[in-house]
Amino acid sequence: MAEARTTSRPFSVKRLPGFTTVAIICFVALYAPIITLVVYSFNAGTSVAVWEGFSWRWYAEAWQNEQVQDASIRSVIIASWAALIATTLATMAALATTRTRPYRGLTVIYALINQPLMVPEIVSAVALLIFFAMIKVSTGYSGLGYLIAAHSAFCIPFAYLPIRARLESMDLTLEAAAADLYATPWKAFRRVTLPLLWPGILAGAMLAFVISLDDVVITEFVKSAGQDTLPTYMLGQIRRTLTPEMNAISTVFLGISIGLVTVFFFLNRRRK
Amino acid sequence: MASQETAPTSPPGASAPDPATPDPARSEHSYVEEARRREVRGKWLLAAPALVVLLAAASGPLLIVLVYSFLTPDPYGGVEWQFSLQGWFQVVFARDIFDETIGLADAHLSIFWRSVQLSFLTTLLTLIFGFPTAYFIATRPQQYRELWLFLITIPFWTNLLIRTFAIMEVIRNEGIINTILMTTGIIEQPIQMLFTDFAILLGMAYVYLPLMVLPLYASMEKLDFRLVEAAYDLYATRFQALRRVIIPAVKPGIVAGAILVFIPSLGAYVTPRVLGGGKHLMLGNLIELQFGQGRNWPLGAALSITLLAIVMVALISYVRNAGRTDAGHG
Chain W
706 MAEARTTSRP FSVKRLPGFT TVAIICFVAL YAPIITLVVY SFNAGTSVAV WEGFSWRWYA
766 EAWQNEQVQD ASIRSVIIAS WAALIATTLA TMAALATTRT RPYRGLTVIY ALINQPLMVP
826 EIVSAVALLI FFAMIKVSTG YSGLGYLIAA HSAFCIPFAY LPIRARLESM DLTLEAAAAD
886 LYATPWKAFR RVTLPLLWPG ILAGAMLAFV ISLDDVVITE FVKSAGQDTL PTYMLGQIRR
946 TLTPEMNAIS TVFLGISIGL VTVFFFLNRR RK
Chain V
-8 MASQETAPTS PPGASAPDPA TPDPARSEHS YVEEARRREV RGKWLLAAPA LVVLLAAASG
52 PLLIVLVYSF LTPDPYGGVE WQFSLQGWFQ VVFARDIFDE TIGLADAHLS IFWRSVQLSF
112 LTTLLTLIFG FPTAYFIATR PQQYRELWLF LITIPFWTNL LIRTFAIMEV IRNEGIINTI
172 LMTTGIIEQP IQMLFTDFAI LLGMAYVYLP LMVLPLYASM EKLDFRLVEA AYDLYATRFQ
232 ALRRVIIPAV KPGIVAGAIL VFIPSLGAYV TPRVLGGGKH LMLGNLIELQ FGQGRNWPLG
292 AALSITLLAI VMVALISYVR NAGRTDAGHG
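Sequence order for the protein chains is W and V.
According to my numbering, the first sequence holds residues 706 to 977 in order.
According to my numbering, the second sequence holds residues -8 to 321 in order.
Since the hints were derived computationally from the structure, they do not count as laboratory data.
One should not assume that every hint holds.
[To be verified] Dumping the calculated BS3-like pairs for lysine-lysine here, alpha-carbon to alpha-carbon at most 25 Å:
id, chain 1, residue 1, chain 2, residue 2
1, V, LYS242, V, LYS213
2, V, LYS270, W, LYS719
3, W, LYS719, V, LYS34
4, W, LYS892, V, LYS34
In this text, all values refer to a predicted model and were calculated from it rather than measured experimentally.
Only chain W is shown next, with the shape it has when bound in the complex (with noise of 0.2 Å):
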C-alpha cells in the first residue's frame, strides 16, 4: 500500500483530488452509526444519550425477554427453512440455465427467477397479504408455512446468483471425462458437478439465510398474529425512541449477519 501511494510520484494518471477525501468520508459515514448503536448497547444507564458507564444489563434483560427469545427462534427457523429450499430449488434452476445453448423459453426462466428482485418490497408483501388472506379463509391453516413459502420465493435469486457464477466459470471437460469412463449422468453430476459447485451452493444457502433473517417489510404484511420475528418485533417495539434493550438485540443480530458475511468472504477467498 505505501509503495502505491509514494508521494515521490508527481504525476498519477489515476488521481482525481478530493475523491479520496470523500471515500473516506464515506467509509467513516457507513460505520459511524452501526458503531454508536453498539457502543451504546453497552450503556449502564436508562438513557440511550448519557454515557454512565459499561455494563451487560440490557443484553441480560433481553435475553430474559421472552418475547424476543420466541421471535428469535421463529426468525432462525423460518431462514433455514427458506435458505434450504431457496438453495435446493436455484441449484436445480442453476444448472437448467448455464452452459446450455439459447433455448425457447430461457428468457421466461430468467424473468421469473429474478422478480423477486424487480418488485418493490412493498408490492410484493401486499400481494402477498391478499393472496395468503385468500387461502386463509379457505383452509383455515395459519401456521408459519405462509412465511415459510414467502421467504423461500424471494431468496431464489439471492442464492441463484452464487451458484449460477460458481457454473459459468466451471470446466465443462471434467464432466465430458466422467462421461468417457462410463459415469451415467447422475454419477457425473454427484461425483464431479456437484463436489465442484459446493462452494456456490454454499454461498448461495449463506446469503438466502441472511437475506431472509433480515427481512421486514414481507414478514410484516404475511405473518399472523403471534408469528413476530426479530425484526418485526423490533419495528413493533419501536415508538418513539430506541430502549438500550434495542440496541443490545441488534448488535448481537448485527454480529450475527457480519459474522456469517465474513466467513463467506474468507472461505471465498482461499478457495480462489
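Chain W is fixed; fit chain V onto it per the hints.
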C-alpha cells in the same frame, strides 16, 4: 416469444460442437434434433420447482393485486366481488365529504410527489458520494480492492432496520450530532432532525449507498486508464479527463446504480416509517395505510400497481438504454 432468444448470458464458447456448421453426418440430423428436444425438456423440468414456487408466491399474487384494484372495498377490510373503478379513481381524485364535489386528492398527490422527490434526491446524494468512493476502490492495488469492496458490502448485508435505528441514534435530539453541536456551543437548542423529510433522505442515502457503489465499481474496474493517460497527453485537465473520458466510460454503471437506488427508494417502507415518525409518509406507507387503518384494499391495490408501473417503466428504459450503449460500442 419468437425463436429468437436474447439470453442475458451467452453460453461459454467452444463448449459444445456447433450444429450450425455444416455437419457431414446429415443422416444424424433427426437424431440430433430429438436429443436437443429432450435436453430442453430436461432443462425445463429441472427449473420447474423453482418456477412453481415463484409463480405461487411472487408472480401469481401480483395478478391478484391487479384484480383487487378493480373491486369494491369492504368497510371491514377486504373486498366485495363487484367491479368498480373507485380504487383507481381515488388514486388521483377525492370527493369532498361536504358538497360531493370532485377534486384532486391532495394528500395522495403530495405523498407521491414527496416519494419521487426524496427518491430522486437519494439517488443524487448516493451518486455524489458513491462515485468518488467507487473510484477510490477501483484505483487501489488489485489485492486490496476486494477488501475495500468487502467493507462497503458489510453494512449492506446487515439488517436494514438496524441501520435505520443507527441513523436515528445519530440524528435525534439527544443524538450524537446535537450533543456535539451543543457541547461545543454552536447551537443552544437541539436541531430537530428526526421525523423530518431530511431524516428520511439521510436514512435512505445511508441505507442504499452500497447499491450505488457496487455497479459503479463494476464498470470502473474495467476502465482502461490508458485512455485517461491519452487525454492528459492531449493536455486535458483533470476535470476534462473526468468529464469527457471517465464519466462517459462508466455511464452504464451510473445508470445501473441510479436504477438500483431509485427503485427501492420509491417503494421504501421501513425507513420513512421509522425516521419520518408517521407524519412524513411515502408511497410505501400510503399503500400500507390502505390495507390497515384505511380499510380500502382496492385503493391500496391500485396504488401498488401504480408504483409497480413506474418501476417497470424505469427498468424497461434502462434495459433499452443499456442495449443501445452496448451496441454503440460494438
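Results for each hint:
About 12 Å separates the Cα atoms of LYS242/V and LYS213/V, which keeps this hinted pair within 25 Å; it holds. With a C-alpha separation of about 46 Å, the suggested pair LYS270/V and LYS719/W falls outside the 25 Å cut-off, and the hint is violated. This hinted pair does not check out: LYS719/W and LYS34/V have alpha carbons roughly 46 Å apart, beyond 25 Å. Straight-line distance between C-alpha atoms of LYS892/W and LYS34/V comes to about 18 Å, which keeps the hinted pair within the 25 Å bound.
Checked against the numbered hints above, the structure violates hints 2, 3; every other hint is satisfied.
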